[in-house]
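**Q** If you read the protein sequences in the order shown, they are chains A and B.
Under numbering that gives the first Met the number 0, the first residue of the first sequence is numbered 0, with each subsequent residue one higher.
Under numbering that gives the first Met the number 0, the first residue of the second sequence is numbered 0, with each subsequent residue one higher.
Quick caveat, the hints were computed from the structure, so don't treat them as lab data.
These numbers were taken from a predicted model, which means no experiment stands behind them.
A virtual CB, placed ideally from N, CA and C, is assigned to each residue, including glycine.
Any given hint could turn out to be false.
Said to hold, decoys possible - Chain B is nowhere near these chain A residues, computed Cβ spacing over 12 Å in every case:
| no. | residue |
| --- | --- |
| 1 | Y62 |
| 2 | N92 |
| 3 | Y121 |
| 4 | H260 |
What the hints assert, rightly or not - Using 35 Å as the maximum straight-line C-alpha spacing, the simulated DSBU-like pairs for lysine-lysine come out as follows:
| no. | chain 1 | residue 1 | chain 2 | residue 2 |
| --- | --- | --- | --- | --- |
| 5 | B | K83 | A | K18 |
| 6 | B | K223 | A | K23 |
| 7 | A | K22 | B | K170 |
| 8 | B | K223 | A | K220 |
| 9 | A | K22 | B | K64 |
| 10 | A | K18 | B | K223 |
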Amino acid sequence: MKKLILSMLVISLFASCEKAFFKKNGESTNAVENFDYLWEQCDIRYAYFDYKNIDWNQVYAQYRPKVYEDMSEDSLFSVMGAMLNELRDGHVNLISPFNISVFDVELLGPDNVDDRVILENYIGTDRMITGPFTHDFLRNKEIGYIRLRSFPGGVDNVQLDYILTRYKDTKGLIFDIRQNGGGVINDAYNILRRFIDKQTFVYQSRGKIGPGHNEFGEPEKSFLSPAESNIKYLKKIVVLTDRGTYSSGSFFALMAKGVDHMMIMGDTTGGGLGLPNGGQLPNGWTFRCSITQALDINGNNYENGMPPDKLVLVDKLSLAQGIDDVLEAAMNEIQ
Amino acid sequence: MVALGLCLPGSTAQETTLSKKQVRKERPKYLQVGMGLNRGSLRDYATSPITYKGVLFNYSIGYLKMDTAREVKFTARFNNGRYKYKRTTGIQSDSRASMYVLYLNYYRLYRLNKLSNSNWYVQAGGMFDANLDFRINDGLMNAGYGYESFNTFFLSGKVTRRWERTETVHKKFLFIKYKLNPRIALFSYQLNLPVMHNSLRNGFAYIGNEGLNTLPVFKEYEYKTFGGLRFCSELAYTRQMQNGNMWRISYLWDAYTSGRGYNRFELSNHIAEFSLLFHLNKNTQ
Numbered sequence: 000m001k002k003l004i005l006s007m008l009v010i011s012l013f014a015s016c017e018k019a020f021f022k023k024n025g026e027s028t029n030a031v032e033n034f035d036y037l038w039e040q041c042d043i044r045y046a047y048f049d050y051k052n053i054d055w056n057q058v059y060a061q062y063r064p065k066v067y068e069d070m071s072e073d074s075l076f077s078v079m080g081a082m083l084n085e086l087r088d089g090h091v092n093l094i095s096p097f098n099i100s101v102f103d104v105e106l107l108g109p110d111n112v113d114d115r116v117i118l119e120n121y122i123g124t125d126r127m128i129t130g131p132f133t134h135d136f137l138r139n140k141e142i143g144y145i146r147l148r149s150f151p152g153g154v155d156n157v158q159l160d161y162i163l164t165r166y167k168d169t170k171g172l173i174f175d176i177r178q179n180g181g182g183v184i185n186d187a188y189n190i191l192r193r194f195i196d197k198q199t200f201v202y203q204s205r206g207k208i209g210p211g212h213n214e215f216g217e218p219e220k221s222f223l224s225p226a227e228s229n230i231k232y233l234k235k236i237v238v239l240t241d242r243g244t245y246s247s248g249s250f251f252a253l254m255a256k257g258v259d260h261m262m263i264m265g266d267t268t269g270g271g272l273g274l275p276n277g278g279q280l281p282n283g284w285t286f287r288c289s290i291t292q293a294l295d296i297n298g299n300n301y302e303n304g305m306p307p308d309k310l311v312l313v314d315k316l317s318l319a320q321g322i323d324d325v326l327e328a329a330m331n332e333i334q
Numbered sequence: 000m001v002a003l004g005l006c007l008p009g010s011t012a013q014e015t016t017l018s019k020k021q022v023r024k025e026r027p028k029y030l031q032v033g034m035g036l037n038r039g040s041l042r043d044y045a046t047s048p049i050t051y052k053g054v055l056f057n058y059s060i061g062y063l064k065m066d067t068a069r070e071v072k073f074t075a076r077f078n079n080g081r082y083k084y085k086r087t088t089g090i091q092s093d094s095r096a097s098m099y100v101l102y103l104n105y106y107r108l109y110r111l112n113k114l115s116n117s118n119w120y121v122q123a124g125g126m127f128d129a130n131l132d133f134r135i136n137d138g139l140m141n142a143g144y145g146y147e148s149f150n151t152f153f154l155s156g157k158v159t160r161r162w163e164r165t166e167t168v169h170k171k172f173l174f175i176k177y178k179l180n181p182r183i184a185l186f187s188y189q190l191n192l193p194v195m196h197n198s199l200r201n202g203f204a205y206i207g208n209e210g211l212n213t214l215p216v217f218k219e220y221e222y223k224t225f226g227g228l229r230f231c232s233e234l235a236y237t238r239q240m241q242n243g244n245m246w247r248i249s250y251l252w253d254a255y256t257s258g259r260g261y262n263r264f265e266l267s268n269h270i271a272e273f274s275l276l277f278h279l280n281k282n283t284q
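So here's chain A without its partners, still in its complex pose (with noise of 0.2 Å):
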């Protein structure tokens, strides 16, 4: 019995020692360690390498001389970063106690939109603004126009319902969301919901499933459901972006291309289709990037930019008149 208790003992020790099948503890603040993860993991997750013709090794042999072991944080943080914006998307990021990484995708062109000539031109300082619409009549009661900077979360049905009630009457509805650089995907598909009648597929998705530059599922189509409501707007609408239309701007207009009656008009969307994925780093820093693609209806991929239907871009002199091109030719669009 003797034997018994000894050898339980022996099993208690080994069984409470998990070390024995567990990975050592990978917290390191070694910047060779840190830049080498954070590349890998780029390189195992990133779904747009070839879409955008990136030779990431290439980028190592470039950024990786630029680190060593003794390095301070903040010049670890600003080759990183660097490293990070070759891969130009709005998406990636790394982010530190003390900076965060971005890449500026409303510079890839200028802003299409000046929101001061609207308000002072257009729609005037009595306008509407509806939770994050900001609305009004254009050209005799015959346009509705409703401008969203960004998705934020909180579109709701009193919200649409007064807004779409309000304007059923009109020929048409201008949606601008020039500069919208995104938020949460769900308003885009609840303000969709208002603008079909029947399901329509509106876009397809496909996620990376293994550590290959192309290794991606089988693209998933997604259907978008009519709103419940019946207070709905199904006639022509056009919706405005321009390279600040970003993330959730960008899937808006990507689905709203599916939709039979709205048309896109402006400059290309900025792109920020992928969805980021988030991660850490040995040394605690945390960081993004794109590991899904959405694709258009037809297969397209739009990472880099839709173009819209029309192309249409502010004259600085028309501006600088009070005039918003964009806007007066999505008007004659409708008109």
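Mind docking chain B on chain A? Use the hints.
**A** Same frame as chain A, now just chain B:
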């Protein structure tokens, strides 16, 4: 005193004269309610190579049928709390992951007569444990929510040392008189070795490919029938009170992984628990 002796685990004299049905009916049954603390660690390679550590609250409720011949137990255990990582060198930073885990556990153990006697008994059998966890780590942004399920079939062995004092003993230490009441105490160790350990874990794209028309829960998760390892054990000291109920102090160790791969998962629990076992069928004995 007589009642105590009848309902104690280990009272085998009666069993020989009873039918199997009566034995089953009269086998002591207990409702176990326990609380304790869990010093645990967590690592999810899909999101971080860092091991998070923390102390979680542990609550359990169980139904136990036990005598020296057989032991059957069902336990529902809930743990919640926070795992933390705090960087102390260089520019400090910290991260926290809230954790909620539900464990459902069932085992049956049978006495091995050849290895047992009146003071020691050895039992063997099987155990099944299923768990579902849910984690929140806001610092990981879109990957901030994590949940997975692990299910394991074990082979189990248990060794129990039994002490019994049948009469009140009067003693004296220096000039202080005291008495030792009748009691039964059990000291046991149970080790569970995995036979089949399966996991339901995130796929490669941790956050999943979110379509509009599919249920997002467990979307693109991967089920592995055999993957990873799991071991668990319990060291327990149990004392019976004069009213037939018992109290127990136990140390439970449980550690498991999801196996190899980019999304490897590791979790360990070290639970110190105090529990009360309420004797449910005193009157039938």
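**Q** Confirm or reject each hint.
**A** Going down the list of hints, with the structure as the test:
The beta carbon of A/Y62 is kept farther than 12 Å from every beta carbon of chain B, the shortest such distance being approximately 20 Å. A Cβ of chain B approaches the Cβ of A/N92 within 12 Å, the least distance being about 9 Å, so the stated non-interface status is violated. With a least beta-carbon separation of about 34 Å from chain B, A/Y121 lies farther than 12 Å from that chain, consistent with its non-interface assignment. The claim that A/H260 lies off the interface holds: its Cβ sits roughly 20 Å from the closest Cβ of chain B, which is beyond the 12 Å cut-off.
A distance of roughly 19 Å separates the Cα atoms of B/K83 and A/K18; the hinted pair therefore holds under the 35 Å criterion. For the hint linking B/K223 to A/K23, the alpha-carbon distance of about 24 Å falls within 35 Å, and the restraint holds. A threshold of 35 Å between alpha carbons decides the hint, and for A/K22 with B/K170 the separation of about 54 Å lies outside it, so the pair is violated. About 27 Å separates the Cα atoms of B/K223 and A/K220, which keeps this hinted pair within 35 Å; it holds.
In summary, the hint linking A/K22 to B/K64 is not supported, as the alpha carbons are separated by about 39 Å, beyond the 35 Å threshold. For the hint pairing A/K18 with B/K223, the CA-to-CA distance comes to about 23 Å; that is within 35 Å, so the pair holds.
In summary, the structure is inconsistent with hints 2, 7 and 9 from the numbered list given earlier, while agreeing with the others.
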